[in-house]
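Turn these sequences into a full structure, and let the hints guide you.
Residue numbers (numbering that gives the first Met the number 0): 0 to 339.
In case anyone wonders, no lab produced these hints; they're calculated from the structure.
Do not take every clue at face value.
[What the hints assert, rightly or not] Computed cross-link-like contacts, DSS-like style, restricted to lysine-lysine with a CA-CA straight-line distance of at most 30 Å:
no.	residue 1	residue 2
1	128	115
2	115	18
3	141	58
4	20	108
5	155	108
6	167	115
7	305	108
8	254	18
9	31	20
10	167	108
11	187	155
12	172	192
13	284	18
14	284	236
15	187	128
16	254	236
17	187	200
18	305	58
19	18	31
20	158	18
21	187	172
22	141	108
23	58	254
24	187	254
25	128	236
[What the hints assert, rightly or not] Here are the in silico distance ranges between beta carbons for each label pair:
no.	residue 1	residue 2	range
26	184	326	48 to 56 Å
27	151	74	56 to 64 Å
28	108	140	25 to 33 Å
29	239	68	54 to 62 Å
30	315	217	19 to 27 Å
31	221	68	49 to 57 Å
32	295	327	34 to 42 Å
33	306	232	39 to 47 Å
34	229	295	43 to 51 Å
35	104	71	49 to 57 Å
36	71	26	56 to 64 Å
A quick note: this is a predicted structure, and the numbers were derived from the prediction, not measured.
We treat Cβ as the ideally placed atom computed from N, Cα and C, and that holds for glycine.
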Amino acid sequence: MLLLIGVLILSNIFDLLQKFKAVYIPTHFFWKLVLYKIPYLVNEVASLLSFIAMLFFLKRLTKHNELVTILCNGIHIWRVIAVPVFAAVIFGVILITICNPIGTFGLQKYESLEAKLSKKTSNNLIISKSSLLFFENYQGNKRIIQAGSIDVVNNKLNKIIILFLNDKNNFLKRIDGEYAILVDNNLKLTSVKISDNYNVKQYEYFTVPTNLSISNLLNSFINPEMIAIWDLPDTIKHLVEFGLPITNYQIYFYKQLFKPIIMATTVILAACFFSLKQRDNSQEKILVIGLFLGFIIYFLLEILFKIFAYNATPPFLAILLPNICILFFSNFVIMHSQET
0 MLLLIGVLIL SNIFDLLQKF KAVYIPTHFF WKLVLYKIPY LVNEVASLLS FIAMLFFLKR
60 LTKHNELVTI LCNGIHIWRV IAVPVFAAVI FGVILITICN PIGTFGLQKY ESLEAKLSKK
120 TSNNLIISKS SLLFFENYQG NKRIIQAGSI DVVNNKLNKI IILFLNDKNN FLKRIDGEYA
180 ILVDNNLKLT SVKISDNYNV KQYEYFTVPT NLSISNLLNS FINPEMIAIW DLPDTIKHLV
240 EFGLPITNYQ IYFYKQLFKP IIMATTVILA ACFFSLKQRD NSQEKILVIG LFLGFIIYFL
300 LEILFKIFAY NATPPFLAIL LPNICILFFS NFVIMHSQET
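If you want it as structure tokens, here you go:
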């Protein structure tokens, strides 16, 4: 398990070296970036860690025939498995309650420091209780765009307000519209009122050039990984009110919520890979096969979660169904192995 965490740290280091190869980073900032991301990475691969830990637990039990002795004394294999399963559930609860918020905080700090070092804006969007706020620089002037909701299908921003500021953040003018449609780098507003420091004008239609598009507006939204699990339900609720896609947020929420179940499932799956034979290196062969298949299953599950969720399966079922199938399959293999 420590080896896998070491691999995660090394991959994080190489990723940073590649990302900032053209930018000088002070050493203490570099190691801050590495450390900020570790809790998040550990939380993300926790199910894989529990799988690997179970493989080595079984290898240790079978190495000196301890598992054979236990089974010969009439103790059922499930009583042996129950201990690491219970430990995985407890560890999963700890990850949800402690590691997830720490990982979220670390990821936010990582994003902020990365933006500072690369001199890029980390996020140009704010979600309030009643509206969405976007920030844009256009031809030297700053804009604050407020929208009551977004119609993604029709490229439409409802109840739109645009504030224009100069480079010194002084107010220039304000545009209010019933709605605006984003077409060819233009905001085409309807039922428009334009006001500045001196007068107010009204138009039926008005066009404002912009660099924004619906796609880059959606990309401006904070990643679900940067929201603590306990804040995700409220965020999802707000996104629904604003007419925005929420599937990725739901997938991440249920993956975190069901983490104890997922980790227990991977422990039971790992219990399928054990051998009581000692003379023909069966244990080592099965360990290698188990590790290889474990990585494949881990990545396949990530794909299956999204396939189910994006094909009319309720997100909580999209997470639970593959794990239920693994539980039934693992139970069959374990019971069959004990009989033979």
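Outcome of range test on Cβ distance (residue 104, residue 71; 49 to 57 Å): Because 50 Å falls inside the window, the suggested range holds.
Restraint status (C-alpha distance of residue 128 to residue 115 at most 30 Å): holds (28 Å)
Proposed proximity, residue 58 with residue 305 (alpha carbon, max 30 Å): Not satisfied, since the Cα-Cα distance of roughly 33 Å exceeds 30 Å.
Supplied distance hint 48 to 56 Å, evaluated on CB atoms of residue 184 and residue 326: holds (52 Å)
Agreement of residue 305 and residue 108 with the hint, judged by alpha carbon distance not exceeding 30 Å: Answer holds: residue 305 to residue 108 is near 28 Å, not above 30 Å.
Given pair status - residue 18, residue 115, alpha carbons within 30 Å: holds (14 Å)
Distance restraint between residue 167 and residue 108, which requires alpha-carbon spacing of 30 Å or less: holds (28 Å)
Hinted pair residue 155 and residue 108, Cα distance within 30 Å: violated (33 Å)
Consistency of beta-carbon spacing, residue 295 to residue 229, with hint 43 to 51 Å: violated (33 Å)
CB-CB spacing for residue 232 and residue 306 relative to the 39 to 47 Å hint: 24 Å Cβ-Cβ, so the 39 to 47 Å window is violated.
Agreement of residue 141 and residue 58 with the hint, judged by alpha carbon distance not exceeding 30 Å: With a Cα-Cα distance of about 62 Å, the restraint between residue 141 and residue 58 is violated, given a limit of 30 Å.
Beta-carbon spacing of residue 239 to residue 68 - inside the hinted bounds 54 to 62 Å or not: Holds, since residue 239 and residue 68 (Cβ atoms, about 57 Å apart) stay within the stated range.
Violation of the numbered hints given earlier is confined to hints 3, 5, 13, 14, 18, 20, 24, 32, 33, 34; the remaining hints are satisfied by the structure.
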